[in-house]
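Student: So the sequences go chain by chain: P and Z. Per the working numbering, the first sequence starts with residue 16, numbered consecutively. Per the working numbering, the second sequence starts with residue 12, numbered consecutively.
The hints are simulated quantities; they were obtained by calculation from the structure and are not laboratory data. The reader is advised that the hints may include incorrect statements.
[As the list claims (entries may be wrong)] List time: in silico DSS-like cross-link candidates among lysine-lysine, alpha-carbon distance up to 25 angstroms: (1) Lys52/Z with Lys63/Z; (2) Lys29/Z with Lys85/P; (3) Lys63/Z with Lys120/P; (4) Lys66/P with Lys115/P; (5) Lys120/P with Lys51/Z; (6) Lys63/Z with Lys30/Z; (7) Lys85/P with Lys52/Z; (8) Lys63/Z with Lys33/Z; (9) Lys120/P with Lys29/Z; (10) Lys29/Z with Lys63/Z; (11) Lys47/Z with Lys33/Z; (12) Lys115/P with Lys47/Z; (13) Lys120/P with Lys66/P; (14) Lys33/Z with Lys115/P; (15) Lys115/P with Lys51/Z; (16) Lys29/Z with Lys115/P; (17) Lys120/P with Lys85/P; (18) Lys66/P with Lys85/P; (19) Lys85/P with Lys115/P; (20) Lys115/P with Lys52/Z; (21) Lys30/Z with Lys47/Z; (22) Lys63/Z with Lys47/Z; (23) Lys63/Z with Lys51/Z.
[Stated by the list, open to error] Over 10 angstroms on every C-beta distance to chain P, these chain Z residues come out as not near it, computed from the model: (24) Gln17; (25) Pro19; (26) Met24; (27) Lys51; (28) Leu54; (29) Gln65; (30) Ser76; (31) Ala98; (32) Gln112; (33) Pro116; (34) Gly117.
Glycine included, every Cβ here is placed at the ideal spot set by N, Cα and C.
Spelled out, the chains give:
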Amino acid sequence: GQQLNQSPQSMFIQEGEDVSMNCTSSSIFNTWLWYKQDPGEGPVLLIALYKAGELTSNGRLTAQFGITRKDGFLNISASIPSDVGIYFCAGQLVGGSNYKLTFGKGTLLTVNP
Amino acid sequence: ETGVTQTPRHLVMGMTNKKSLKCEQHLGHNAMYWYKQSAKKPLELMFVYNFKEQTENNSVPSRFSPECPNSSHLFLHLHTLQPEDSALYLCASSQDERTPQYFGPGTRLTVT
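With the rest of the complex left out, here is chain Z (with noise of 0.2 angstroms):
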């Protein structure tokens, strides 16, 4: 399944560095989605972003910055990070708003 690809798919940061995740989707898909998975909680819906523009922001720290200059790319930014941040975060995108998501395989980053 390469429908939606996702790098690097293992991170290791210091508090202090700033890194970025990337996401791409090859569905021809209009919204993308970032999401966390943390051990034994369901998965969080972070940011939304329909036709390149934000629609969600669940209340997420400013140490993420999502960007998406295009329907295809998503990045994640990340900076200053908290050991709590560390989890599996996961691509999705859709159609649109309305239909099924479809997962990325997730960059699982572990923040030292």
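For reference, chain P alone in the conformation it holds in the complex (with noise of 0.2 angstroms):
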């Protein structure tokens, strides 16, 4: 099946500081999402990818959609506190009758004020 190779596990950073993640895959995808989730909550979404190499920023979130489609990056600029979080990657396929999402196991990120 479809497995998304999440990295780094985590994250140690100083606020102020950029923040990149990524993730790969053998697989091909259709969709590419970032989710947060913090702690005791469920995943929200952050940012949705849907072209080959399409970048995409919201705030000081970059996110770029490889152009194999088999991988993916977010970006966080200027950290702050409330950027720690579990942030997840997820690439869904679109055809067929397969539509379900794969997961990363997640970037663990903490930022030291």
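Build the complex: two chains, separate frames, hints provided.
Tutor: Have a look at this one:
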């Protein structure tokens, strides 16, 4: 089945630093998503990407869907304490009867004030 | 964010109990999902409903029984669970099966 390899598993950074995380896969996806999960809560959708090579920004977040549709990255600029949480990449196949989302294992981000 | 709500938020149950988890979405979506999130594992899809019809059962044991009476409500009925079923159970919804999914806050289930 499809797998997403997400790295790094965890990051410890100082407030104000930039952050970069990425996911790779051997499978091709139609849609690429990034979610953030706070402790005790469900994942919140941050960014959705639909085109190969698409680059999108949402405030301090920038994400790109790889040109091969097999990978993607998420950058966070000028991190703040509320950026703490687990970030998940997710890929979705759209076609046939398979619409399942495949999730990475997550990157745990800790921001020291 | 109140688009997808789940109750209860926390549940402790014995292995012989019967309980139900409830999910409600206020987004006008047509597809709803149950996921299981265990420590150090990727999110596991359990069930998918599209327009109230079950379209996916990801080899889930029969002690988990979903019910979708309408496009806005989704239940997960639990009976004779095992301790390894302890996890965060997440509900999600999407406009249809092709569009991004929005998650509820989850129910933290502990089976004793």
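Student: State for each hint whether it applies.
Tutor: Here's how the hints hold up against the structure:
1. Lys52/Z with Lys63/Z: 28 angstroms, violated
2. Lys29/Z with Lys85/P: 42 angstroms, violated
3. Lys63/Z with Lys120/P: Violated. Lys63/Z to Lys120/P sits at ~30 angstroms, over the 25 angstroms cutoff.
4. Lys66/P with Lys115/P: Answer holds: Lys66/P to Lys115/P is near 18 angstroms, not above 25 angstroms.
5. Lys120/P with Lys51/Z: 7 angstroms, holds
6. Lys63/Z with Lys30/Z: 21 angstroms, holds
7. Lys85/P with Lys52/Z: Between Lys85/P and Lys52/Z the Cα gap is close to 21 angstroms, so the pair holds against 25 angstroms.
8. Lys63/Z with Lys33/Z: Cα-Cα ~15 angstroms, so holds.
9. Lys120/P with Lys29/Z: 31 angstroms, violated
10. Lys29/Z with Lys63/Z: 23 angstroms, holds
11. Lys47/Z with Lys33/Z: Given pair Lys47/Z, Lys33/Z holds - Cα atoms ~14 angstroms apart, limit 25 angstroms.
12. Lys115/P with Lys47/Z: Holds. Lys115/P to Lys47/Z sits at ~14 angstroms (cutoff 25 angstroms).
13. Lys120/P with Lys66/P: 23 angstroms, holds
14. Lys33/Z with Lys115/P: Status holds; Cα separation ~22 angstroms.
15. Lys115/P with Lys51/Z: Given pair Lys115/P, Lys51/Z holds - Cα atoms ~20 angstroms apart, limit 25 angstroms.
16. Lys29/Z with Lys115/P: 29 angstroms, violated
17. Lys120/P with Lys85/P: OK: Lys120/P and Lys85/P at ~16 angstroms, within 25 angstroms.
18. Lys66/P with Lys85/P: Measuring from Cα to Cα gives roughly 12 angstroms; hence the hint holds.
19. Lys85/P with Lys115/P: Since the Cα atoms of Lys85/P and Lys115/P sit roughly 16 angstroms apart, the hinted pair holds (cutoff 25 angstroms).
20. Lys115/P with Lys52/Z: Roughly 17 angstroms between the alpha carbons, so the hint for Lys115/P and Lys52/Z holds.
21. Lys30/Z with Lys47/Z: Between Lys30/Z and Lys47/Z the Cα gap is close to 16 angstroms, so the pair holds against 25 angstroms.
22. Lys63/Z with Lys47/Z: 20 angstroms, holds
23. Lys63/Z with Lys51/Z: 31 angstroms, violated
24. Gln17: With a cut-off of 10 angstroms, Gln17/Z comes too close to chain P, as the shortest Cβ separation is near 8 angstroms.
25. Pro19: 13 angstroms, holds
26. Met24: 19 angstroms, holds
27. Lys51: Contrary to the label, Lys51/Z does not stay out of reach of chain P, its closest Cβ about 7 angstroms off (not over 10 angstroms).
28. Leu54: 4 angstroms, violated
29. Gln65: Its Cβ never comes within 10 angstroms of chain P, the nearest being 13 angstroms, so this holds.
30. Ser76: 21 angstroms, holds
31. Ala98: The assertion about Ala98/Z holds, with a minimum of 13 angstroms to chain P.
32. Gln112: The assertion about Gln112/Z is violated, with a minimum of 6 angstroms to chain P.
33. Pro116: 5 angstroms, violated
34. Gly117: 5 angstroms, violated
Hint compliance for this structure: hints 1, 2, 3, 9, 16, 23, 24, 27, 28, 32, 33 and 34 are broken, all remaining hints hold.
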